[in-house]
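**Q** Can you join these two chains into the complex? Each is in its own frame, and there are hints to help.
The listed protein sequences correspond, in order, to chains A and B. Residues in the first sequence are numbered from 1 upward in steps of one, following the working numbering. Residues in the second sequence are numbered from 1001 upward in steps of one, following the working numbering.
In case anyone wonders, no lab produced these hints; they're calculated from the structure. Where hints are given, some of them may not hold.
Which residues of chain A face chain B? A few of them, derived with a C-beta cut under 10 Å, are [stated by the list, open to error]:
| # | residue |
| --- | --- |
| 1 | H43 |
| 2 | E46 |
| 3 | A50 |
| 4 | S52 |
| 5 | M69 |
| 6 | N71 |
| 7 | S104 |
| 8 | N107 |
| 9 | V108 |
| 10 | L112 |
| 11 | A115 |
| 12 | T117 |
| 13 | I122 |
| 14 | S131 |
| 15 | H132 |
Predicted model, so just to flag it, every value in this text is computed and none were measured. Each residue gets a CB set at the ideal place from its N, CA and C atoms; glycine is no exception.
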Amino acid sequence: MRNAQLSRHVHTLSLKPGVFQPQGINIHDCACVLVRGVIGVKHDFEGRDALSHFYEEGDLFLTAEIDPMYNKQGSYWWIYEEVEMILLPLKSKAWKRDNPQLASALNVQASLMAAYTYQQYINNLGLDRKSHSLDWLKSNKRLLTLVPRADIANFLDISKSSLKTFIKTVFNDG
Amino acid sequence: MAKKGDLVIASRLGQITGVPESTPFLMKFSALFEGPLHFEANENLWTMGDKEGYLWYIHFGYGFDRILLEDGTKMLNGMTEPGIFICDENSLLWGGPSKTDAIMYTPGTAYRLSHKEWKDFVIKNESMRNVLLHINSHFVQMRKLRLLKMKMMDKVEYWKYIQDRFPGIEKYCSQTEIARYFGVSKSTMHRIMKTV
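Chain B with its partners taken away, still in its complex shape (with noise of 0.2 Å):
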């Protein structure tokens, strides 16, 4: 039976924010996470249209989560490595069933919060809120990075770039969901690879 209480959060949210990690607002959070997790290579932290959702912390471990798109594909989202937060945001947002899933590609250990815990934590405590809002407001300019690399980068070099990061990457995800992440066909996808 996974604890709570770890403060592992709080140490990571120190880092990132340069806050002391012994701040009673940040122990606070914490200690409500729920964990540590373990998960073996190939589980699921999280599989679509799960009606629980959860924001999960990766200690340990990588992978990848994938989002199911409106014609019914998935796509390659992003990828699962540790000192990273990760949830599906359109439930954590709107609430409903996750139109996401993550997996794990090697064993790992995760920390999780559910959506309803988070929420209410950060709506009632403004300190947290603040660090929220202020991690959110880089997270945003990043993800707009991400979508103009989508679209503007030069697809063998963002290739580069992806393999690079990730290595290995073409073994644990299908190349129509790497193609989807390009934003390209799978036949261009794969004339890309071959490039390089």
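So that you can see chain A by itself, here it is in the shape it has in the complex (with noise of 0.2 Å):
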């Protein structure tokens, strides 16, 4: 397999805090990139909005989630901090001629990785509570200023009282 060009076939997307929109590119099937900024992957249950996951700079993910094909969950993401991306159209025509057997490859993987994607969050849930939300915390302290505590708190599942002294304990460890 030789390397493949990107340059010609990648969109670059810079957008400001709020629900992710577009704004004329199409997004259906896209590979990302972050390059900078966070973005916070939230669903909606039964009128009760949740968030799964964030995406920080240097994170690969998949428009796969929002797809407003498929989205039965009104998936959608939310800007906490102004990004820049970089987005790949994974169907599209220009890169499968110009990379038939890579595109193929990187379809099937993105195929799989959107679903394992959901597996590493159900698995963090099944953690336990107390000691994964300290180790994420010490990790991701910067979050803390950008993020809604109830965010945050949801994100978790931890209760936002119970996160109120997990950041206390965090603080206080240095």
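**A** Now the structure itself:
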């Protein structure tokens, strides 16, 4: 397999905080890399918002989770900090024509990854809440300045009062 | 010795997708599977750490699969029932040994295809790839729903729903494994089970 030249096929996108609205770019079946900024993935569960995970600088992710064609859970991306991202349309004719083998392999891999991403967040919910929350807070102090406490509590699946206690513990430990 | 060439898989994919089971690429794909393989109750389809990974199709029988969490504990991951395809997703996606196991609690029959053969086929065969992408797009939504139920649904209601769907689950999985599936402690799970 030879090296692929991506520059002719990717789009770059910069967006301000708020709901992700690509405006003018078809985001159907794209692989994305976040260059900077923070995105939270939110869903609607029986009229209530749920936050499942975040994307930060360097993360590779897929638009499949918010694709209107399949999006039964009303999932959307919420931008917490201005983002710059690169999108590769996996099904574009030009991309497939220029890189037939890579395009096929990437499509399969992306399709598997879209589902497995959620398995990893399911697994995290199986971990002990306190130790998982403390570990996450220690590694993600920057997000505390960008993301409302209610969203973080929902993400960690703990109450706001537990979050307050855990934040105190993390900061007291340095 | 298990044979190859059975069309059970083509028939099931035909049901799922609406594509006629006699469609050449479905028959070709189906013919790659090895089976039928017969299992006794309490026999494993695969175990944690297995180096050879397979995509399994369950023709008959019921069971469960469990996943190894990063803290070393095991979580009930899902239920195995006739008509489903299951595998260790981590090794299918990235290679390496399996991080899950799957056990039957009734006698069963299954077919299997190695991860490598599966990937080779879907990468080379555009029609099969399109079927897979379509199925997986729906599967992503089911996964999301599972995560949201785990996070947001009333745990007692969720336990009733799981009990209805998989009668006798508590006989085959430990309370700790079930508690992890619900994202609660063992003592909370015990309370939930007592309330129903």
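**Q** Which numbered hints turn out to be false for this structure?
**A** none
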